[in-house]
Every structure is written in C-alpha cells, then in structure tokens.
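Could you put the whole structure together from the sequences, leaning on the hints where they help?
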Amino acid sequence: GAVVSQHPSWVICKSGTSVKIECRSLDFQATTMFWYRQFPKQSLMLMATSNEGSKATYEQGVEKDKFLINHASLTLSTLTVTSAHPEDSSFYICSASGTSTASTDTQYFGPGTRLTVL
Amino acid sequence: SQKIEQNSEALNIQEGKTATLTCNYTNYSPAYLQWYRQDPGRGPVFLLLIRENEKEKRKERLKVTFDTTLKQSLFHITASQPADSATYLCALDKANSGYALNFGKGTSLLVTP
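For the protein sequence lines, the chains are W and X, in the order given. For the first sequence, the positions run 106 to 223 when the working numbering is used. For the second sequence, the positions run 3 to 115 when the working numbering is used.
Hints listed in this document are in silico derivations from the structure and should not be mistaken for laboratory results. Values in this document were obtained by computation on a predicted structure and should not be read as measured data. C-beta: ideal position from N, C-alpha, C; glycine also. Careful, some of the hints might be misleading.
As the list claims (entries may be wrong) - For the chain W half of the interface with chain X, some residues (derived, Cβ under 10 Å), not all of them: (1) Phe133; (2) Lys146; (3) Leu151; (4) Thr154; (5) Lys160; (6) Glu164; (7) Val167; (8) His190; (9) Ser194; (10) Phe196; (11) Gln212; (12) Tyr213; (13) Thr221.
Unchecked claim - Across the chosen pairs, the derived CB separations fall in these ranges: (14) W:Lys125 with X:Leu76: 37 to 43 Å; (15) W:Thr187 with X:Lys59: 39 to 45 Å; (16) W:Asn156 with X:Gly43: 24 to 30 Å; (17) X:Lys59 with W:Leu181: 22 to 28 Å.
Shown next, in the form of structure tokens:
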C-alpha cells in the first residue's frame, strides 16, 4: 500500500517551454503533497507544500509564478515548470501523506521525474 | 537555521558486517527523525521513523537510535548484504512546515561480497 506515481519519469524540453509533471497517490487519499527538487550529489530541497483544494505554500526562494502547483483532488497534484531554462534541469520528486497511510507524518515518495532543459 | 549533517564520504563495508551511519543536526529540536533509502535515479523509500521520546527502534535488520541530547541519530544495518548498497538519507520534520521534511545530503553505502 501507499504507492505514489509520477509521470513522466523523464522529460527533455527546449528552453522557454513549459513542462507539467503529475504526481498521483494510487491507493490512498493524499491530503497533503510535497514537491522537492534534487540536484546531483545534493539533498532533496523542499519547493512547496500543497493541501487539497488550497493554494500551495512555497518555500523561500521558490518562485510561485514559475513553478505552478495544483492539487485539485485527493489523489493528484501537478507541478508545471513555466518557461523552463537550463538551470531548472533537476530531479523533481513528489511525496504524499494523508489518511489511511501508516501515520500522517510518514511521507511516501514518487519515483521522481528527471527534467532536462536544453 | 536548521542544519543536518551526514558523513559525505562513502562507507564501504564487507558483506555480513554491520553498517553504521550517522546523522547530526543543529539549531533544531525535531519531533521525529526518519531514515530513507535512495537508489540512483529513484525517489527515496521510507525505512524507519523514530520520535523524540523514543531512544531506539528496530525493523528486521535495521536499528535506529535517537539521542536528543547529542542531537544525533545512528542508523545500523546488521548482517549487511550487497543489495543494501544505496544512499541513505536522514530527514527531520521541517519547522513550521507541517509534515514537510528537511533532508541531509545522504551517505553512500557500498557492501562488497
């Protein structure tokens, strides 16, 4: 149980285009979803927290107009990287927590999405 | 600011031995601490959670200790196997961010036959 999927697993795009990444909780209702970013050899850095039906809360230094997050249902959150640039190339990982998981403070992570911006 | 330190040097051990990884934190009093495993190109996989009022927790070959005085957690893998080779991440609850996590950089473990 407590499986989180991400789509796509990898994407290559041209500079200036927008990319949407989906995060789904497959067998539980995710009241909260988190988006992290990980650069090579670095730790996961929290970008934003989203609660179903509410606006996302962004971490300091993360541009909310560039990284659009939508958490419209209890099983789906999307991250859209708008006008992507090469410096946005990274590994984007979502996680989810909620009711019916082992505990509300345990997060279940998706497999990640590798974004490469040319 | 919250700071989490994990040994950046890779840990190489022989199969069958016990691997011990360290996580230290400063400027912080976490309510709980978690350990995750991350394989290359994959998302983290949850292993264990230990709360501030717990000293030790075990799960199969895994053992975690949590010393809030030393501000340190130790993560042990007994009878290690080559399949245990991965990067292990320490994570603490991020202050004032609900259940969001603050991660260390991780320690790479290599278990050789």
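Status of each hint after checking the structure:
1. Here the hint on Phe133 of chain W is broken, as its CB sits about 13 Å from the closest CB of chain X, past 10 Å.
2. Among the interface hints, the one on Lys146 of chain W holds; its C-beta lies about 7 Å from the nearest C-beta in chain X, closer than the 10 Å criterion.
3. Restraint check, Leu151 of chain W versus chain X: the minimum CB separation of about 5 Å is within 10 Å; hint holds.
4. This hint holds: Thr154 of chain W has a C-beta 5 Å from the nearest C-beta of chain X, less than the 10 Å allowed.
5. Below 10 Å, beta-carbon pairs count as interface contacts, and Lys160 of chain W has none with chain X, the closest being about 14 Å; its hint is therefore violated.
6. The closest approach between the C-beta of Glu164 of chain W and any C-beta of chain X is roughly 8 Å, which is under the 10 Å cut-off, so the hint is satisfied.
7. For Val167 of chain W, the interface hint is violated, since its Cβ never comes within 10 Å of a Cβ in chain X; the closest pair sits about 12 Å apart.
8. Interface restraint check: His190 of chain W against chain X, minimum CB-CB distance 22 Å, threshold 10 Å, status violated.
9. Against a cut-off of 10 Å between C-beta atoms, the interface hint on Ser194 of chain W is violated, since the closest Cβ of chain X lies about 14 Å away.
10. For the restraint placing Phe196 of chain W at the interface with chain X, the shortest Cβ-Cβ distance is roughly 8 Å, inside the 10 Å limit, so the hint holds.
11. Interface restraint check for Gln212 of chain W: the shortest CB-CB distance to chain X comes to about 6 Å, inside 10 Å, so the restraint holds.
12. Interface restraint check for Tyr213 of chain W: the shortest CB-CB distance to chain X comes to about 7 Å, inside 10 Å, so the restraint holds.
13. Because the closest C-beta pair between Thr221 of chain W and chain X is about 13 Å apart, greater than 10 Å, the hint is violated.
14. Between Lys125 of chain W and Leu76 of chain X, the C-beta spacing of about 41 Å keeps the proposed range 37 to 43 Å intact.
15. Checking the proposed 39 to 45 Å range against Thr187 of chain W and Lys59 of chain X shows it holds: the Cβ atoms sit about 42 Å from each other.
16. With their beta carbons about 29 Å apart, Asn156 of chain W and Gly43 of chain X fall inside the hinted range of 24 to 30 Å.
17. Distance hint for Lys59 of chain X and Leu181 of chain W: a CB-CB separation of about 33 Å, inconsistent with the stated range 22 to 28 Å.
Of the numbered hints given earlier, the model fails hints 1, 5, 7, 8, 9, 13 and 17; all others are met.
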